[in-house]
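Visitor: Chain residues, written in single-letter form:
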Amino acid sequence: LFSIVAFQFEEEFIETKEDLEKLRNDGVLLFQQVPMVEIDGMRMVQTRAILSYIAAKYNLYGKDLKERAWIDMYVEGTTDLMGMIMYLPFQPADTKEKNLALIIERATTRYFPVYEKALKDHGQDYLVGNKLSWADVHLLEAILMVEECKPDVLSAFPLLQAFKGRISNIPTIKKFLQPGSQRKPPTDEKFVAVVRKIFNI
Amino acid sequence: MSGKPRLTYLNGRGRMEPVRWLLAAAGVEFEEVYLETKEQYDKLIKDGFLLFQQVPLVEIDGMKMVQTRAILSYIAGKYNLYGKDLKERALIDMYVEGIADLMQMILMFPFSPPDAKEKNLDSIKDRATNRYFPVFEKVLKQHGQDFLVGNKFSWADVQLMEAILAVEEKVPAVLSGFPQLQVFKTKMSNMPTIKKFLQPGSPRKPPPDAHYVETVLKVFKK
Numbered sequence: 001l002f003s004i005v006a007f008q009f010e011e012e013f014i015e016t017k018e019d020l021e022k023l024r025n026d027g028v029l030l031f032q033q034v035p036m037v038e039i040d041g042m043r044m045v046q047t048r049a050i051l052s053y054i055a056a057k058y059n060l061y062g063k064d065l066k067e068r069a070w071i072d073m074y075v076e077g078t079t080d081l082m083g084m085i086m087y088l089p090f091q092p093a094d095t096k097e098k099n100l101a102l103i104i105e106r107a108t109t110r111y112f113p114v115y116e117k118a119l120k121d122h123g124q125d126y127l128v129g130n131k132l133s134w135a136d137v138h139l140l141e142a143i144l145m146v147e148e149c150k151p152d153v154l155s156a157f158p159l160l161q162a163f164k165g166r167i168s169n170i171p172t173i174k175k176f177l178q179p180g181s182q183r184k185p186p187t188d189e190k191f192v193a194v195v196r197k198i199f200n201i
Numbered sequence: 001m002s003g004k005p006r007l008t009y010l011n012g013r014g015r016m017e018p019v020r021w022l023l024a025a026a027g028v029e030f031e032e033v034y035l036e037t038k039e040q041y042d043k044l045i046k047d048g049f050l051l052f053q054q055v056p057l058v059e060i061d062g063m064k065m066v067q068t069r070a071i072l073s074y075i076a077g078k079y080n081l082y083g084k085d086l087k088e089r090a091l092i093d094m095y096v097e098g099i100a101d102l103m104q105m106i107l108m109f110p111f112s113p114p115d116a117k118e119k120n121l122d123s124i125k126d127r128a129t130n131r132y133f134p135v136f137e138k139v140l141k142q143h144g145q146d147f148l149v150g151n152k153f154s155w156a157d158v159q160l161m162e163a164i165l166a167v168e169e170k171v172p173a174v175l176s177g178f179p180q181l182q183v184f185k186t187k188m189s190n191m192p193t194i195k196k197f198l199q200p201g202s203p204r205k206p207p208p209d210a211h212y213v214e215t216v217l218k219v220f221k222k
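Heads up: the sequence lines are chains A and B, in that order. Going by UniProt numbering, 96 is the number at position 96 of the first sequence; the sequence numbering is gapless. Going by UniProt numbering, 172 is the number at position 172 of the second sequence; the sequence numbering is gapless.
No lab work stands behind these hints: they were computed from the structure. Since we're looking at a predicted model, the values are computed, not measured. Every residue, glycine too, gets a C-beta built ideally from N, C-alpha and C. Any given hint might turn out to be false.
[Stated by the list, open to error] Okay, derived cross-link-like pairs now, DSS-like style, lysine-lysine, Cα gap no bigger than 27 Å in a straight line:
{"no.": "1", "chain 1": "B", "residue 1": "Lys141", "chain 2": "B", "residue 2": "Lys152"}
{"no.": "2", "chain 1": "B", "residue 1": "Lys38", "chain 2": "A", "residue 2": "Lys117"}
{"no.": "3", "chain 1": "A", "residue 1": "Lys22", "chain 2": "B", "residue 2": "Lys141"}
[Stated by the list, open to error] Chain B regions said to be covered by chain A (calculated; three or more residues, Cβ under 8 Å):
{"no.": "4", "stretch": "21-31"}
{"no.": "5", "stretch": "47-55"}
Put together the whole structure using the sequences plus the hints.
Guide: Okay, here's the thing in structure tokens:
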């Protein structure tokens with residue numbers, strides 16, 4: 001979400017258990033957890049809180065309470081979908097295939113149809129209020145993640161295909177999608193091992 | 001149609017209880033529709049009422065809202081329980097998210113396999129006493145005010161109150177190391193809208209029992 005407002009940000013990577021312990025002992029993690037984002041004098045934790053703050057600060061949260069409600073609903077949907085994908089690499093090997101199938105099923109029967117319909121009903125370029133918002137960024141991220149699981153997953157969703165093309169071409173997003181940006185690659189086995197080690201899971 | 005918000009969920013706490021708390025705390029009357037059968041649930045889906053085919057559903061201000069967090073944020077925003085500016089909102093959001101993680105453990109507890117129940121109960125106790133309650137104890141101690149954020153009653157206070165009572169149902173002496181939270185609990189209990197909600201006959205739902213678990217499994221069966 002930072003990238004879209006051409007906001008530069010620094011990153012500190014936790015690589016070892018000791019790195020995490022130090023953060024905890026230094027009292028910088030409100031609930032002993034990451035993500036943690038230092039912004040405007042606050043040490044923010046809890047992903048949704050962080051994202052809400054950024055969205056509001058940079059005018060990506062709609063123009064009133066009702067638009068915000070719609071953005072929140074849409075974002076919670078894509079969060080549920082991306083949550084499934086996030087956990088996939090950590091699941092037992094013998095359940096991976098079943099879980100992957102469930103992700104695709106949910107994407108194509110529960111989530112994508114909602115966004116396809118939203119775009120169809122109002123015929124506008126963006127999900128809410130005819131203006132780029134957090135919901136659009138989140139949906140693009142979700143689409144790309146699901147496509148990594150199944151490349152042709154958008155085949156039945158023409159408006160989402162157009163949406164993907166449009167949002168990807170926004171200059172700041174286009175830049176984020178290019179090599180050398182701060183975007184991180186898909187989770188691989190090496191990353192899974194590091195996570196397991198650091199968080200003792 | 002009365003103009004009051006209408007809540008659709010099972011007749012039990014589950015994911016709707018925080019919504020009941022927040023509306024009640026804001027002094028807002030609401031109606032409830034209870035899901036008792038799979039057929040009722042399937043009909044809601046078929047009729048297109050549920051954006052992502054899930055409940056909770058709250059019909060409010062002409063919207064059919066789903067997704068608990070979205071619903072709670074809207075109510076908080078509408079009834080001035082969301083702080084006075086972006087930074088206060090950020091604090092409220094952080095606190096509420098932390099509490100939601102703790103409440104999630106309690107939500108899932110009745111559905112854990114019998115042989116995992118003791119371990120899960122220990123986790124709830126451990127997280128409450130070592131991760132979450134200390135944070136709020138410290139916040140209250142540091143500013144010495146009655147409420148968590150901005151010296152004003154907010155969504156965060158309601159959520160914390162709900163969590164304290166929910167954990168106490170499982171771990172009765174859980175607040176013994178937290179004097180500020182004990183005072184907080186008393187103060188919240190005495191706020192008129194909350195006091196009313198804590199009395200018999202209010203929309204507050206009882207702790208989940210075997211019948212509730214059974215109904216959940218039945219209604220949401222694939």
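Visitor: Compare the distance between the alpha carbons of lysine 22 of chain A and lysine 141 of chain B with 27 Å, and conclude whether the hinted pair is satisfied.
Guide: With Cα atoms ~25 Å apart, lysine 22 of chain A and lysine 141 of chain B stay inside 27 Å; holds.
Visitor: Do at least three Cβ atoms from the stretch 21-31 of chain B come closer than 8 Å to Cβ atoms of chain A?
Guide: violated (count 0)
Visitor: Under 8 Å between beta-carbons, do enough residues of the stretch 47-55 of chain B, three at least, approach chain A for the coverage claim to hold?
Guide: holds (count 3)
Visitor: Keeping to a limit of 27 Å between CA atoms, is the pair of lysine 38 of chain B and lysine 117 of chain A held or broken?
Guide: 26 Å, holds
Visitor: Below or equal to 27 Å on CA atoms is what counts here, so check lysine 141 of chain B against lysine 152 of chain B.
Guide: 16 Å, holds
Consistency with the previously given hints fails for number 4 only.
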